[in-house]
Amino acid sequence: MTFAFSGAIGMWHAITTIFWKDLKIELRTKEAFSASFVFALMVLVIFNFTLNLTTEEATAMGAGFLWIAFAFGGVLALNRSFALERDENCLQGLQLAPIDRGGVYLGKCLANVVFMLITELILLPLFAVFFNVDITARLGYLVVVLVLGTIGFSAVGTLFSAIAAHTRMREVILPILLLPAAVPVLIAAVECTTYALGGDASPALWFRLLVVYDVIFLTVSFLTFGFILQE
Amino acid sequence: MTSAPDKTGILLTALALIAMLVSLYLVFMYVPTETTMGEVQKIFYFHVPSAWLAFLAFFLVFVFSVVYLMRHEKKWDNLAASTAEIGVLFCTLVLITGPIWAKPVWGIWWTWDARLTLTLVLWLIYVGYLMLRYYMVDPERKATFAAVLGIVGFVDVPLVYFSIRWWRTQHPQPVLAGGEGSGIEGPMLLTFVVCLATFTVMFFALLRYRYRLQELRDALDELHDRVDHSAG
Amino acid sequence: MPGEPGLLAARDITKSFGRFKALRSVSLDLAAGEFLTIFGRNGAGKTTFLKIVSSIIRTYSGSVILFGSDLKRADDDTRRRIGFVSHESLLYKDLSVYDNLMFYARLYRVQSPGQRIAEMIARVDLEAKTTVPVRALSRGMRQRLALARAFIHGPELLLLDEPFTGLDERASEILDGFLDEFVKHGGSVVMVTHDIDRGWRHAHRVAVLDRGAVVYETPAAESSADAFRDKYHEILRS
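Chains as they are written, first to last, in the numbering used here: chain A, 1 to 231; chain B, 232 to 463; chain C, 464 to 701.
Isolated chain A (complex conformation) (with noise of 0.2 Å):
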């Protein structure tokens, strides 16, 4: 029992260790947040161009848009995630370092979960006043589904990241590898968001689906990323 003890105090010593290094080079630099935000943003302003909504119109579709504008811009997000452990060779000092590999795997998700909510809880205001929609309506609901779908997204997201860091065009590899395999989160992500935007069709179903996704990848990534980090 102690044994289990000191293990669950040495894995959370090593998720909080990762995450204020990760927080503490965004800080510094903002890179992670003003690439995914500005892409993000530019998403949802071509949107409105190319398509020119009605308030009904945006307010049934919004959704789609939010999560597509989301997931284009967390991609820019993770890709940095492991790009700056490339840089150096600082990988190695994560594998020469006394911690627990899944707890590595953890700190590096929650800090793509936070860097990837922040911005998506900034673009939400904004999207609903480009495009008249109402956000108010189930907005608690609403954040609680950001938050599941932005954990199953950077679950896969973030072993995904560590993976593409290790390749040539890793820029590329990386939403080529993560989009169609984010497929499930992102339709249940936008049907739940569609219900807290207003819609009508329950999500139940779709809500079930959101966490046990969380749960299937969180678990997945967290038993293989040691292999990544092996060699």
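It is possible that part of the hints are untrue.
[As the list claims (entries may be wrong)] The calculated lysine-lysine pairs, modelled on BS3-like cross-linking and capped at a C-alpha distance of 25 Å, are:
no. : chain 1 : residue 1 : chain 2 : residue 2
1   : C       : K556      : B       : K305
2   : C       : K556      : A       : K30
3   : C       : K556      : A       : K24
4   : B       : K306      : C       : K535
5   : B       : K305      : C       : K535
6   : B       : K373      : C       : K535
7   : A       : K24       : C       : K592
8   : B       : K306      : C       : K484
What the hints contain is simulated information worked out from the structure, not anything from laboratory work.
Only a predicted model underlies this, so the values are computations on that prediction, with no experimental measurement involved.
Please build the complex by placing chains B and C on the supplied structure of chain A, with the hints as guidance.
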């Protein structure tokens, strides 16, 4: 050292060849033409076996990936790589034969039907798998990363399937008559089973050759390596 | 405590992948307090050997006993006792000098890290740069900081992978000073390099790896740098 004739390969090829002739006879001469869809329905005997084998291939990639991560032996990686390539090949056949069948019967090339969409998403996932392999240099790392992707990709399959199926029920599209192989029997069933067996034999023949090719490539790499060493 | 046996005992290590063999039945020992230098050309398997000892690589045959326990079951305590210096700095360019050291101190759970960091920063002469991001440091300063990083947790066994590659004069001197002091206090070292002068300087024992196998091994006291140089070139020609 690997130049001895590959008896298993030759046997599989011969078997596949004979089976293919039998299948072609059954499909075009023996089996009665389906009454509502007409001649085009015969593509069913190629379309559905291709789909089954694509799924079998991706399941095998998953199995080989797990074994590779447990044993770290290159042959399991070679098997996974070979199987994934052939899986993508059959997946492509499904995506080509599907629209050819759909156009005359449903009047449209493509529909976001659950099975067709699942096949498309799988195709994207495993093309990504092949691209990842292509873009990596270090063979051992490539094997490990590909194995992780082979596992994650396969775990994703049921989630993709259910999400697309539920999505379809919430966004109904025109009801299309005549689902794939709905209640076939008699000569049709026999022809279908023979075709499925034929495709399966062909699958393993291709896999055998692809795997041997990989072994030859490895042997060639090793020779290059030795030449480099004695020159340097 | 020189002479105490078996800090590291590697037996018949073979590392292969498919047909490629990086190491062929390598056996090497290191006593506590000993300094072993392994020479060899690029691709001889030197780095692979270090990666196995530092348990970055876990798939090989043969056995490695390190600090008295089997490396295949290496735990965090084993990792904590190892320091690793390579020609790459393992530093985050966007973090300050202090934050880099703080990150590694936390990874290794250094006791009272603030004090230890200040001590290390003083030793590598970077007090004036504490809050400066690594990006803004000169190459030489980064190399000194990389040394501080490798020593932050007070390792007992130091692994050095071509540590002198790309070092300037000042950083090389600091590294030499670190190594002298480290060995004097009973630390053990395995260094791999192809630089004979630098490699010989500290060595108690030298070995040569060629095409994944140990082809020569001798105590430094029984040879001289020049005699070894001749021997080494002869091996490389073969």
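* In rising order, the numbers of the hints this structure does not comply with -> 1
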